[in-house]
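Engineer: Here the protein sequences line up with chains A, B, C, D, E and F, keeping their order.
Counting with my numbering, you get residues 1 to 100 for the letters of the first sequence.
Counting with my numbering, you get residues 1001 to 1100 for the letters of the second sequence.
Counting with my numbering, you get residues 2001 to 2080 for the letters of the third sequence.
Counting with my numbering, you get residues 3001 to 3080 for the letters of the fourth sequence.
Counting with my numbering, you get residues 4001 to 4116 for the letters of the fifth sequence.
Counting with my numbering, you get residues 5001 to 5116 for the letters of the sixth sequence.
By construction, these hints were calculated from the structure, which means they are not laboratory data.
Ideal placement from N, C-alpha and C gives every residue a C-beta, glycine not left out.
Treat each hint with caution, since some may be false.
Listed next, the stretches of chain B that the computed footprint assigns to chain F, with coverage defined by at least 3 CB atoms under 8 Å from CB atoms of chain F [to be verified]:
#	segment
1	1070-1077
2	1087-1100
Listed below are the simulated DSSO-like cross-link pairs for lysine-lysine, each with C-alpha atoms no more than 27 Å apart in a straight line [what the hints assert, rightly or not]:
#	chain 1	residue 1	chain 2	residue 2
3	E	Lys4089	A	Lys71
4	D	Lys3060	E	Lys4053
5	C	Lys2073	C	Lys2060
6	F	Lys5062	F	Lys5073
7	E	Lys4089	E	Lys4003
8	F	Lys5053	F	Lys5005
9	E	Lys4089	E	Lys4062
10	B	Lys1073	B	Lys1059
11	F	Lys5089	B	Lys1071
12	B	Lys1071	B	Lys1002
13	A	Lys88	E	Lys4100
14	F	Lys5089	F	Lys5073
15	F	Lys5004	B	Lys1059
16	F	Lys5073	C	Lys2060
17	F	Lys5100	F	Lys5005
18	E	Lys4053	D	Lys3050
19	B	Lys1073	B	Lys1088
20	E	Lys4005	E	Lys4053
21	B	Lys1059	A	Lys56
22	D	Lys3050	E	Lys4062
23	B	Lys1051	E	Lys4089
24	F	Lys5073	D	Lys3076
25	E	Lys4004	E	Lys4100
26	A	Lys51	F	Lys5053
27	D	Lys3060	E	Lys4089
28	F	Lys5089	C	Lys2055
29	F	Lys5108	F	Lys5073
30	A	Lys2	A	Lys56
To list a few chain E residues with every Cβ distance to chain A over 10 Å, as calculated [what the hints assert, rightly or not]:
#	residue
31	Asp4049
32	Pro4059
33	Leu4114
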Amino acid sequence: MKLLFIMVSNPYSNDFNSLVKFAEASLSRGHETNIFFMGNGLYSIVREEIKALAEKGAKIYYCAHNAEQRKIKPESWAESSSMYGLSKLIGEVDKVLIFD
Amino acid sequence: MKLLFIMVSNPYSNDFNSLVKFAEASLSRGHETNIFFMGNGLYSIVREEIKALAEKGAKIYYCAHNAEQRKIKPESWAESSSMYGLSKLIGEVDKVLIFD
Amino acid sequence: MVDTVWIIKRPADFPEADMLEENDMLILIQDAVLRVPYFDNWLAVEEDVKARNIKLPEDKLISYEDVIDIIEKAEKVIVW
Amino acid sequence: MVDTVWIIKRPADFPEADMLEENDMLILIQDAVLRVPYFDNWLAVEEDVKARNIKLPEDKLISYEDVIDIIEKAEKVIVW
Amino acid sequence: MAKKKLTVVIRSNPFSWKTFEALRQAVGSAMNHEVSVIFMRDAVYSLTDWNPKLIGIEPFDKSISALGMMDAKVYVEEEALRERGINIKDWGIDINIEPKDEICEIIKSSEVVLTW
Amino acid sequence: MAKKKLTVVIRSNPFSWKTFEALRQAVGSAMNHEVSVIFMRDAVYSLTDWNPKLIGIEPFDKSISALGMMDAKVYVEEEALRERGINIKDWGIDINIEPKDEICEIIKSSEVVLTW
């Protein structure tokens, strides 16, 4: 299946751990795994665990507006997107989990 | 008097607004105003409002360990410090307010 | 067959009773493992339970992979 | 003369009754302005009250500068 | 891309940036999906006549207007308003005050539910 | 620099990075001040035999040991333990289980109180 995780939570929260564990489990089951970072979730995009998920095949997106607002410059393996991009992703996947 | 504000709260929280308003009020009353950023509070050190407080005379400190952990590089008007530095500050001021 | 999988994160912050259907399933993660729900159909993520040193019946514990499998077969999922 | 100034941030998250002394003062900021305490000696920051469109008696409203003045004269301050 | 019945549920953190972000998400989603936005529990305070700028938060009036223009539906929990003794302001669009059991039905009939 | 009676009160967010940071602050402060650390309400879970690494959090055992070596005092709210039916683990230092009214006295007699 195609899964989308939306990460909005604060940095260094329990949600970060859950996101990483869920995404790893999704990848290990061979599912298409997308993660979208927005709001305060953006702060977590710079963590090593996210880079590792990207290397294992997770597709990483982020809200460019929130990144700019927070002065965060994601690396090139993360794709700049928007609320409209998120909406299209929601239309393409089977299930959505939001961590907020 | 000498006031110390410790900022630990999450970014884009109500505590950020309270911190800024309290610090402005403290400066307007002519008090020595110190702000120490640690933990998730570090994320707020890059906001314009904090720079403005520094320009008005607030002394800005941060926990270097937390900054490095979060990949945040504060500007030069902020002074790198530690938990020991915080402890010494607490010994030098009259009152301490923590926002967590 | 599960209709809605509810992922519960906070202790006792369960969905209102009106929202739950017979074939729904509650899955406890994070600090939600501290309180058992008044609804038979629940499971908890073992890692989150063990991390907090909470004792729950072994047959209620599942892995993150198991949760993904349950989500795949369910009609929908709501992180509550 | 105020002994301890308690800065309250969350609705109804007041200090335990045992902690409060007669000369203490509760100051409500942020969402704490949504609930009035069962303790006479309280004030609320006007900006936080007005921002939330809450009606409180005018004589209970103070500015951030006023809070700083109260803290200066008090024995100590605790952000609760 | 499939058009879905999508519901954004806002439950807590009134007077915060969270509501602003949730509504931005709802507006973005309303371009492709059939969107409902539900304010329940403490989040109902977000629809009163409050003043975000006073506490450093960006107002979300434009998002509410946009939801109206894109035919998204906005619902508020009736019980939550009553328990708090508050009224919502006129946001210039239809806001449906519904009892909790009706709110539950909307959530149950959605394909995608995003909670805030 | 004045040596002060300083109390760090940890009330919520057990199983989190917050407790780790609060204890780091307590250890740093214990070098110059007379430090008490109080665990009350849900924070008492932090002193049980839990396993932070399983959920991506750094253990704070070293901070607790350091507090012991620097003669800082650690207190736990007795009622909070009882209500939750839990026991604290042996952290290798004296941890004082005290009733709520005793905890209140410690807070009242402090010069600086840092709440978490």
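Engineer: Next step is simple, just say for each hint if it's right about the structure.
Structural biologist: Verification of the supplied hints:
Here's how the segment 1070-1077 of chain B fares: 0 of its residues keep a CB closer than 8 Å to some CB of chain F, so the rule of at least three is not met and the hint is violated. Check result for the segment 1087-1100 of chain B against chain F: holds, 8 residues qualifying (beta carbon to beta carbon below 8 Å, three or more required). Taken as a hint, the E/Lys4089 and A/Lys71 pair is broken in the structure, with Cα atoms around 34 Å apart against an allowance of 27 Å. Distance hint between D/Lys3060 and E/Lys4053 is fulfilled; the C-alpha atoms sit about 22 Å from each other, no more than 27 Å.
For the proposed pair C/Lys2073 and C/Lys2060, the alpha carbon gap of about 18 Å is at most 27 Å, so the pair holds. Between F/Lys5062 and F/Lys5073 the alpha-carbon distance is near 15 Å, which keeps this suggested pair within the 27 Å criterion. Taking the CA atoms of E/Lys4089 and E/Lys4003, the gap is about 31 Å. The hint is violated against a cut of 27 Å. Among the hinted pairs, F/Lys5053 with F/Lys5005 is inconsistent with the structure: their alpha-carbon atoms are about 33 Å apart, more than 27 Å.
As the CA atoms of E/Lys4089 and E/Lys4062 are separated by approximately 15 Å, the hinted pair is consistent with the 27 Å bound. Note on B/Lys1073 and B/Lys1059: the hinted pairing holds, with a Cα-Cα distance of about 17 Å set against a maximum of 27 Å. Restraint check for F/Lys5089 and B/Lys1071: the C-alpha separation of about 34 Å exceeds 27 Å, so the hint is violated. A hinted pair counts as satisfied when its Cα atoms are at most 27 Å apart, and B/Lys1071 with B/Lys1002 does not qualify at roughly 31 Å.
For a cut-off of 27 Å, the pair hint linking A/Lys88 to E/Lys4100 is broken: about 30 Å separates their Cα positions. Taking the CA atoms of F/Lys5089 and F/Lys5073, the gap is about 16 Å. The hint holds against a cut of 27 Å. Of the supplied pair hints, the one linking F/Lys5004 and B/Lys1059 holds, its CA atoms being roughly 22 Å apart against a limit of 27 Å. Among the hinted pairs, F/Lys5073 with C/Lys2060 is inconsistent with the structure: their alpha-carbon atoms are about 39 Å apart, more than 27 Å.
Our distance criterion of 27 Å between C-alpha atoms is met by F/Lys5100 and F/Lys5005, whose separation comes to about 19 Å. Note on E/Lys4053 and D/Lys3050: the hinted pairing holds, with a Cα-Cα distance of about 11 Å set against a maximum of 27 Å. With a C-alpha separation of about 23 Å, the suggested pairing of B/Lys1073 with B/Lys1088 holds against the 27 Å cut-off. Only pairs whose Cα atoms come within 27 Å are accepted, and E/Lys4005 paired with E/Lys4053 is rejected, the gap being roughly 33 Å.
For the proposed pair B/Lys1059 and A/Lys56, the alpha carbon gap of about 44 Å is over 27 Å, so the pair is violated. Restraint check: the Cα-Cα separation between D/Lys3050 and E/Lys4062 comes to about 22 Å, which is no more than 27 Å; the hinted pair holds. Note on B/Lys1051 and E/Lys4089: the hinted pairing is violated, with a Cα-Cα distance of about 36 Å set against a maximum of 27 Å. Of the supplied pair hints, the one linking F/Lys5073 and D/Lys3076 holds, its CA atoms being roughly 21 Å apart against a limit of 27 Å.
Between E/Lys4004 and E/Lys4100, the direct Cα distance comes to roughly 23 Å. Compliance with the 27 Å bound is thereby established for this hinted pair. Note on A/Lys51 and F/Lys5053: the hinted pairing holds, with a Cα-Cα distance of about 20 Å set against a maximum of 27 Å. A C-alpha spacing of about 25 Å is found between D/Lys3060 and E/Lys4089, which places the hinted pair at or below 27 Å, so the restraint holds. Pair hint F/Lys5089 plus C/Lys2055 holds up; C-alpha atoms about 15 Å apart against a cutoff of 27 Å.
With a C-alpha separation of about 16 Å, the suggested pair F/Lys5108 and F/Lys5073 falls inside the 27 Å cut-off, and the hint holds. Of the pairs offered as hints, the one joining A/Lys2 and A/Lys56 holds, with about 15 Å between alpha carbons and a cut-off of 27 Å not exceeded. For E/Asp4049, the non-interface assignment is confirmed: its Cβ lies about 25 Å from the closest Cβ of chain A, beyond the 10 Å cut-off. Every beta carbon of chain A lies more than 10 Å from that of E/Pro4059, the smallest distance being close to 16 Å; the non-interface claim holds.
In this structure E/Leu4114 is not separated from chain A by more than 10 Å, as the shortest Cβ-Cβ distance comes to only about 5 Å.
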